[in-house]
Structure formats: structure tokens, C-alpha cells
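For the protein sequence lines, the chains are A and B, in the order given.
In my numbering, each residue's number is its place in the first sequence (first place is 1) plus 309.
In my numbering, each residue's number is its place in the second sequence (first place is 1) plus 309.
A few of these clues could be false.
Remember, identical chains collapse to one label, so a pair may be satisfied in a single copy or spanning two.
What the hints assert, rightly or not - With a straight-line cut-off of 20 Å between C-alpha atoms, the simulated DMTMM-like cross-links for lysine to aspartate or glutamate are:
(1) Lys330 x Glu399
(2) Lys389 x Asp340
(3) Lys420 x Asp447
(4) Lys488 x Glu450
(5) Lys390 x Asp447
(6) Lys356 x Asp340
(7) Lys390 x Asp413
(8) Lys390 x Glu367
(9) Lys330 x Asp320
(10) Lys392 x Asp413
(11) Lys420 x Glu324
(12) Lys420 x Asp320
(13) Lys469 x Asp327
(14) Lys420 x Glu472
(15) Lys420 x Asp340
(16) Lys389 x Glu367
(17) Lys330 x Glu315
(18) Lys330 x Glu494
(19) Lys330 x Glu367
(20) Lys486 x Glu473
(21) Lys390 x Glu450
These aren't lab readings, by the way, just hints derived from the structure by calculation.
Just so it is clear, the structure is predicted and the values come from calculations on it, not from any experiment.
What follows is the residue order along each chain.
2 protein chains.
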Amino acid sequence: MKLMEERIRKDGIIEDGDVLKVGMFLNQQIDVCFISELAKEFYRLYKDAGINKILTIEASGIGLACICAIPFDVPVVFAKKSKSNNMTGEVYSSNVHSFTHGTDHAAVIPKAMLGPNDRVLLIDDFLARGQALHGLIDLCEQAGATIVGAGVFVEKTYQKGGEEIRARGVRVESLAKIKSMSVEEGIVFI
Amino acid sequence: MKLMEERIRKDGIIEDGDVLKVGMFLNQQIDVCFISELAKEFYRLYKDAGINKILTIEASGIGLACICAIPFDVPVVFAKKSKSNNMTGEVYSSNVHSFTHGTDHAAVIPKAMLGPNDRVLLIDDFLARGQALHGLIDLCEQAGATIVGAGVFVEKTYQKGGEEIRARGVRVESLAKIKSMSVEEGIVFI
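Bound-form chain A, shown alone (with noise of 0.2 Å):
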């Protein structure tokens, strides 16, 4: 999608380490008008899908959730990140690995909140390796939620998340695919 190539060339910052600066306008920082332009793809997308819920995790995926869910006039659900993965009776819970932070944690959400009723859309700011997707599908799976599809901004497609998550079935609609990215090469996008 040329919007969101067009904002990444503009105002991402490439670091060392493989790091996709976005801070200035899709995550600590939200370009509200900008995030709904690129909400209206996604309903593009998704609007005869049935959706009535959209998952998504903490922090950063939960504003732009919420622009998301407008057009669909559905709620949003985000699944809280907890050090333990103590799975009582009263909540979902998935263990979901930072490769950013070398860190794991359980990702949650009470079962009041998902079911077999829901139809979801999962929406997430980045999708590399996968980890925070694939902890969201779990969830689902858990609950007997049916998972009609996964929202991502931005697809890192030299990584295997988007490929992994694709092989379990779920559909994956990326509004920027980042084919390489290097400080010195800069961004290719497919």
C-alpha cells in the first residue's frame, strides 16, 4: 500500500539490529487521521468477513485497534502481557517470546471476553517472527473463537512469521511488506 510506503520512507528510522523505527507515528506516538485512512483498507479488506471483535496485544497494538474498529463498529479486546503464565480458570493465557527483549511472557485475556461466538480480526503494528500472532491465534484456538484473519501494518517477509502464520491457515493482509532493510541500503518494499 503506497500510504503506508510513502509515511515508513518518510519518517521511519532504520537502526542497527534490524530495528524499524515508527515511534513518530504508529506506535508512542499515533497519527490518529493517518492510522484511520489506512483503517479504511482494512475494512476494504475485511468487510464481508463478518467480523464482531478485534483482538489485539498491549502496548502498542491497542490504539490502533481501536481506529480499526470503527469502521467495522466493533469492539476491540487486548490481551494483557503478565510475567507468569499462570493459567487459572478465569482467563485464555498463551506464552508468547520477545526476540527484541530475549524476554517471555504470557499473554491473557479473560474468558469472558472471547468465545466460540466471536469472528475476529487480529491487528497487530508489526509482524516478523510472528510471536505476538501466533500467541493471539492460541487464545483463540483456547476459546473456539473463529480467527477470520490478521491485520498487520508492517511485514518484515525476510523473516518466517508471516509465512508460519499463513501455513496455519490464517489469512494475513500486510499494508507494507518490507522485502530487505538496512542502514546503509536503506528500505526495499515488495
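Given the structure of chain A, go ahead and fit chain B onto it with the hints provided.
Only chain B this time, still in chain A's reference frame:
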């Protein structure tokens, strides 16, 4: 505001220890359509105040702030919670005490995201002892930003936060004001 009070009566759960759980529509599950209606009220109250940025704190404030930003057509910035108050040259940082969790953390914003040209609306879900809002006000003062006011979804007026914030000269608008609350007696709104 009747709309908010009715929803709290319908879906809020009072628990021992002065806890009001609104996770089914305001926090972990966000009723985006409902919050969009509440956002119109904040817009009515603040539309002539020249706001150009909305500021909140992770995690529960992010979704609400993004939905509220839509009628104002302004970006959202959220303060990240960090374990340590490491004030580097790159960020503004303020200590925030959580009475709920009995812990301290730093609220942190990169300097590039807040400055003297900003006219800021603070958004948060709850105002009780006011620690989060005090922290956000400190960040604005460090940045030289103008605080136009605060928009709060639920204020517990029997705690001192609202009084203190107003005594600092900050306009506070709360959609629901709780005068008293207990498991036995229920909620009394002002």
C-alpha cells in the same frame, strides 16, 4: 453524564477494596462504538480550546485516547511505563506511584513527541488519587507544553485526586463522578 452512569450501573462490578471493574467496556474490552459517543462529549467541552495533541499513559488510556482523538483530528502520544526513572537527555520522565499495585514506575515520553507548541488534552480512564494525571502534568511542564485540560471517564470524588489537580489550575471534565461506592450500597453518582 447519564450515558456513562447508566453503563457503569449496567456493566460495572464493585469489588472489595474500593475496586470498580469496568473491563468489559472501558478497559481490556473496549466498546469502541460506545466510547465514540463519549468522545463527542469531550469534543463538545473542549472543541474551542485549540487542542493539537492528546496525551495519555499506557496501557488502558491508549485506546480511549485514540477514539477521543478522532473528532479533534489530532495525534495521540502515550507515556510509557518504565521500571526506573532514568532521565536521559532524550526523554521527559516523571515518577508515578500506583496505590493499586503498591509500586512506583516512571512515565516516559521522548522529547521529540512533546514541546512548547503543543496544546494538550490529557485523557485517562480513572481519576482517584490522581497519580497518573500528576505525572502527565509534570511531563507537560517539563516540555513547556500548554495543558488545556483533562478528560476523565470516571472520577471518584471521595478521593483527593480531582481536587488536587484542579488546585494546580488544570480544568478537569469527568463523564461520571462517583460520590460513594460499596459492595453493599452500590454506587452513588454526583
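So, going through the hints one by one against the coordinates:
1. Lys330 x Glu399: Answer is between; shortest inter-copy Cα gap is 15 Å, intra-copy 36 Å.
2. Lys389 x Asp340: Between copies, since 17 Å is at most 20 Å while 23 Å is not.
3. Lys420 x Asp447: So Lys420 and Asp447 pass the 20 Å test inside one copy only (13 Å; across, 38 Å).
4. Lys488 x Glu450: Neither: 30 Å inside a chain and 42 Å across chains, both beyond 20 Å.
5. Lys390 x Asp447: Within. Shortest intra-copy distance 14 Å satisfies the 20 Å Cα cut-off; inter-copy 27 Å does not.
6. Lys356 x Asp340: Answer is between: at 19 Å across copies they meet the 20 Å cutoff, but 23 Å inside does not.
7. Lys390 x Asp413: both (10 Å within a copy, 18 Å between copies)
8. Lys390 x Glu367: both (7 Å within a copy, 12 Å between copies)
9. Lys330 x Asp320: Only inside one copy: Lys330 and Asp320 sit 9 Å apart there, 39 Å across copies, limit 20 Å.
10. Lys392 x Asp413: Result: close both inside a copy and across copies, 8 Å intra and 17 Å inter.
11. Lys420 x Glu324: Cα proximity of Lys420 and Glu324: across copies only (19 Å, versus 39 Å in one copy).
12. Lys420 x Asp320: between (39 Å within a copy, 16 Å between copies)
13. Lys469 x Asp327: within (14 Å within a copy, 47 Å between copies)
14. Lys420 x Glu472: neither (29 Å within a copy, 37 Å between copies)
15. Lys420 x Asp340: Between copies, since 17 Å is at most 20 Å while 32 Å is not.
16. Lys389 x Glu367: both (6 Å within a copy, 12 Å between copies)
17. Lys330 x Glu315: within (15 Å within a copy, 42 Å between copies)
18. Lys330 x Glu494: within (16 Å within a copy, 50 Å between copies)
19. Lys330 x Glu367: Classified as both; 17 Å inside a copy, 19 Å across copies.
20. Lys486 x Glu473: within (15 Å within a copy, 49 Å between copies)
21. Lys390 x Glu450: For Lys390 and Glu450, only the intra-copy Cα distance (18 Å) is at most 20 Å; the inter-copy one is 31 Å.
Of the numbered hints given earlier, the model fails hints 4, 14; all others are met.
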